[in-house]
Amino acid sequence: MKKFITLCCLILCSLNCLFAQKKHTISGYVSDIKNGEMLIGSIISVAKQNTGTATNAYGFYSITLAEDSHYVLISFVGYKPQLKKIFLGADLRLNITLEPQVYETKVVGITVNKKARENINRPKMGIIDIPVYQIKELPAIFGEKDLLKVLQLLPGVQSGSEGSAGFYVRGGGPDQNLILLDEAIIYNPFHLAGFFSTFNGDAIKSVSLIKGGFPAQYGGRLSSIIDISMKDGNDKEYHGEGGVGLISSRLMLEGPIQKDKSSFMISGRRTYLDILIKPFLPKGISAGYYFYDLNGKVNYKFSDKDKIYLSSYLGSDVFSTSFSKTSFKVDWGNKSIVGRWNHLFNSKLFSNTTLIYNDYVFSNTDQLDKIQIKLQSGIRDYTAKMDFDWFPHIKHKVKFGATYTYQQFIPSSTKLQLDSNTSFSYQIFRYVHTSALYINDEFTLNENISMNFGLRAPLFIYKKYTFYNAEPRFTFNYIINKNSSVKLGYAMMHQFTHLVSNSSISLPTDIWVPSSDVVLPQVAQQVALGYFRNFNNDAYETSVEVYYKNMTHLIEYKEGAQIFLNPDVEKEFVYGSGYCYGTEFFVKRNEGKITGWIGYTLAWAYRTFPDLNNGKTFPSKYDQRHNVSVAGVYKFNKELSFSTVFVFGSGQSLTLPVGQYQVPMFGSGFSALDYNERNSFKLYPYHRMDIGIKYTLKIKSVDADLRLDVYNVYNRRNPYFIYLQNMVDPRSGIEKPTAVQVSLFPTIPTFTVNFKF
Amino acid sequence: MKNKLLLFSLLSAGIFGLFSCEQKVTYQLPQYDPKPAVFCLLQPDSVVKLYLTESRSYFNYGDTLNKMRFIFDAVLTVKDETGVTETLHLEKGLENDNNFNRNPWDTTKRPDNKVETWLWVGSNKTKANTKYSLEIKWGGKSYTAETRVPDVPVILNTIIRKTEGRGFGGGGQNDSIKTAFFVVQDVAAEKNFYGRLEIDSNSNQSGGSSGYFDNIYRYSFTEDGAENGRKMEVYASEDQKRGGFPTDSTVVFVSLMNANKEAGDYLTSLQHQQNTQGDPFSEPVLIKSNIKGGLGVFGGMSYSKKYRIVFK
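First to last, the protein sequences are chains A and B.
If you read the first sequence in this note's numbering, its first letter stands for residue 17, the second for the next number, and so on.
If you read the second sequence in this note's numbering, its first letter stands for residue 37, the second for the next number, and so on.
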């Protein structure tokens, strides 16, 4: 805490000196000219001065300059940049609207990301923003555009098993990723055992992946932050967007409630496998599975200084079956409600106050005649937070704030109903308080050097257990020349909630448990060094990042752990440490007929647990040596485009038995297995290519695109898992264990119709 | 775990049914050199009895009978902490396979099925609280292990408690149970695993003399853990008159086993491996062993006297 206060004082003192100079502030919002959507992360750069700023999560910017004439360039990926000449004699409010970039046959000259050079100039590393239009362009399985699957194509991000939307970042586990939808934590971002994510692309405005160099406003997870913002809704005219696919359909509607003041957005998606299979079921039996997502958002602008947002998400999976007097139903899902109030104190100080409620519940109801048993687990959060953006000087961009969350964990809840009069119930609750203070300053020292200093102070309370610490973060950027820079970053993170899962796949039965005096908070420290360079007048962005991450108090499950409905799951944990290191190469083409990227990761990830693998260090389950991903879009003309994705990854780690012996106390009935070192066996590498062709046409006022996507175009049988089976060799007659590989998805073509009106 | 698997199976059945396929693929499977597998639990005032078998590659064998492959050409020596050394010799024995190959609730009488076994046996009786080391010379290599013979567990008394509700709030008429516990004085600075051993009421067995095949794998152990050196309660039995048991007896005979760290670690991990074998989503369980370079256990175990517990 002392360090935190000292840092605050230092920042304030340095800022005070700077205030003495005569300067004025330009501030305002950057939005889309057509629909009024605020553009998050738009770059405002000042010509002839190697400086600039970016809009915050609500499209607000502020920049303080000397009294003079200035050329200001405002740019955003996918939009036509604007160059404005201004004379700054007093503080200026300048709201800017950008026009979306439309296809031009003469591609040369498009300055999508040009001049901003954010990747070179800003002290940001390990942060990748993915434009939503790019997610929509790439091919997808069953035609379901899935942003989490697009994240898997980035360097440092490793996909889970075949077809899964699960991902692991820089050697971390699946629970070490914080997924935020309009600031609400989504605890289970998957549908159907991880094959689909809960995010409907039509409702999403922006996605950011942070895998290193964590800004101080984020905390609570060790490996990554996925920050997703929902669309605000068009405040100028009514529009709709949707699609009809193989397994689901979706629709999004948006429009003004009061033009230029208030708007709404509502979006829904539902699968219909349950409806399709109904006619094929025998009489007296009903069974089905479906999932749905509903997103809604409204906003109201009271004045130029005050705006409120109310957004909500509701998503669920439902599986049910019944016959005779027996029924079985499983449903699980997230719901969240977020209320936000933006207030502009003055042209330099912007605040956002947020109230969040979110809830994740897994429920299983079984009925046998009159007897019913209902099992539940879940987690419920109530969060209040305040964030401030303060732009005291052109060289400083300060963020500070506080957050408090009250969490209610329900690891296990059981209700047994024997008849209408007799019932038994049993519930376990855990109540946790988590809070944090943070401050972050993005500081430009001179033309070549900029830094980002941050400090986060989390506090965690569970019963009599209290934990607090300081998490220093910094990124140092040295600009070598206008096209290249070197960056160095360090971040410390703590994690207070832990996912209990014994599987490599995402199951709804996975539960979250809080830290305690037994389950200590997990801690990670990460250091990264990167070289960033743009080529061909910024047409290509490239980077190489080297990282090392050290983690302590990691949790694994005891060998042979029993976790399903176990009220004392903490007793099934074992504790250890881990480290990961690697190099990530990234080449991205921003403009031209072909756009896309190539990523390559060379990485190592290890764990050491005194109670596992006889105490010896072993490769982590997420240890993947090589990972290559290629994503590209080729636009033939205004109507036709072709896209492709290729992925290659080293095989998954596995522990195999290598020997066996009979244990006398079990007689001849039991063969004990002698395993090799944990995770030392590797499955065959995973690789796959998908392609997609999109044809766009206009029918009256409706823009439609017809998509043909082919998943796994060369029908690669990738290993989902293997099992060993005794098989008799026909030549020798000797029975030998043979590895049988189970693959999941062969070539799958999908036809989808999307429309926009 | 079964419920979890069932759930996953149901959810994924559609997708697997539509798309999945199996393929026999050739993997370069790891090479394996056979190792000696030891099974020896020293008991106070008993001679050393040791099973020595040979492990084999999981991937390359023609013997599907899963018979024990006894090692006959080894040299085994056991030395106590005072330096007294003895060389073990081979003895042929017969064990009742039927005795240890069925579930605990199965009381049906079956004809004995004797299995031929080979034991390495010593002549000297081992003593409690004494450290022993084992050396096996086999195949040009040496394998070693150490253990200490635990003392007979100190049972202060037995208590019976009536548990209401048994986890379900509200409690019904049939929802309470009488449970007996041993109150044990744990030995400080020593890792202990306690387990109950139920004895046939018709048996004259008085604990400790029942040999190796005492069905100990059927029962979970209670580790001293945080209770190290303190008084602790160890589950002894439940009133069997309550539903779910085949007998209506209100009298049970039990004794308490005290396994040392080597034996407890081995037996616990062995049981965990047995529970999780065949579950493709479970992490494999490595059986803990204190045999340097080899497999199995050279541990110690002792038994209390037989207790008669009456549920009234």
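Treat each hint with caution, since some may be false.
Unchecked claim - Straight-line Cα separation of at most 20 Å, EDC-like style, residue types lysine to aspartate or glutamate; simulated pairs: (1) K324(B) with E693(A); (2) K328(B) with E693(A); (3) K227(B) with E588(A); (4) K587(A) with E259(B); (5) K587(A) with E269(B); (6) K324(B) with E588(A); (7) K431(A) with D382(A); (8) K328(B) with D382(A); (9) K574(A) with E607(A); (10) K297(B) with D382(A); (11) K297(B) with E588(A); (12) K227(B) with D627(A); (13) K167(B) with D81(B); (14) K128(B) with E152(B); (15) K297(B) with E259(B); (16) K574(A) with E259(B); (17) K221(A) with D107(A); (18) K324(B) with D145(A); (19) K324(B) with E226(B).
Hints in this document: simulated from the structure, not taken from any laboratory.
Hint-by-hint comparison with the structure:
1. K324(B) with E693(A): 13 Å, holds
2. K328(B) with E693(A): 16 Å, holds
3. K227(B) with E588(A): Satisfied, since the Cα-Cα distance of roughly 19 Å is no more than 20 Å.
4. K587(A) with E259(B): The given pair, whose Cα atoms are some 12 Å apart, holds under the 20 Å limit.
5. K587(A) with E269(B): 18 Å, holds
6. K324(B) with E588(A): 17 Å, holds
7. K431(A) with D382(A): Measuring from Cα to Cα gives roughly 11 Å; hence the hint holds.
8. K328(B) with D382(A): 50 Å, violated
9. K574(A) with E607(A): Measuring from Cα to Cα gives roughly 51 Å; hence the hint is violated.
10. K297(B) with D382(A): Measuring from Cα to Cα gives roughly 42 Å; hence the hint is violated.
11. K297(B) with E588(A): 19 Å, holds
12. K227(B) with D627(A): With a Cα-Cα distance of about 15 Å, the restraint between K227(B) and D627(A) holds, given a limit of 20 Å.
13. K167(B) with D81(B): 14 Å, holds
14. K128(B) with E152(B): 7 Å, holds
15. K297(B) with E259(B): 9 Å, holds
16. K574(A) with E259(B): With a Cα-Cα distance of about 15 Å, the restraint between K574(A) and E259(B) holds, given a limit of 20 Å.
17. K221(A) with D107(A): With a Cα-Cα distance of about 30 Å, the restraint between K221(A) and D107(A) is violated, given a limit of 20 Å.
18. K324(B) with D145(A): 48 Å, violated
19. K324(B) with E226(B): Given that 20 Å is the threshold and the Cα spacing comes to 18 Å, the pair holds.
Hints 8, 9, 10, 17, 18 from the list above are not met by this structure, while the remaining hints are.
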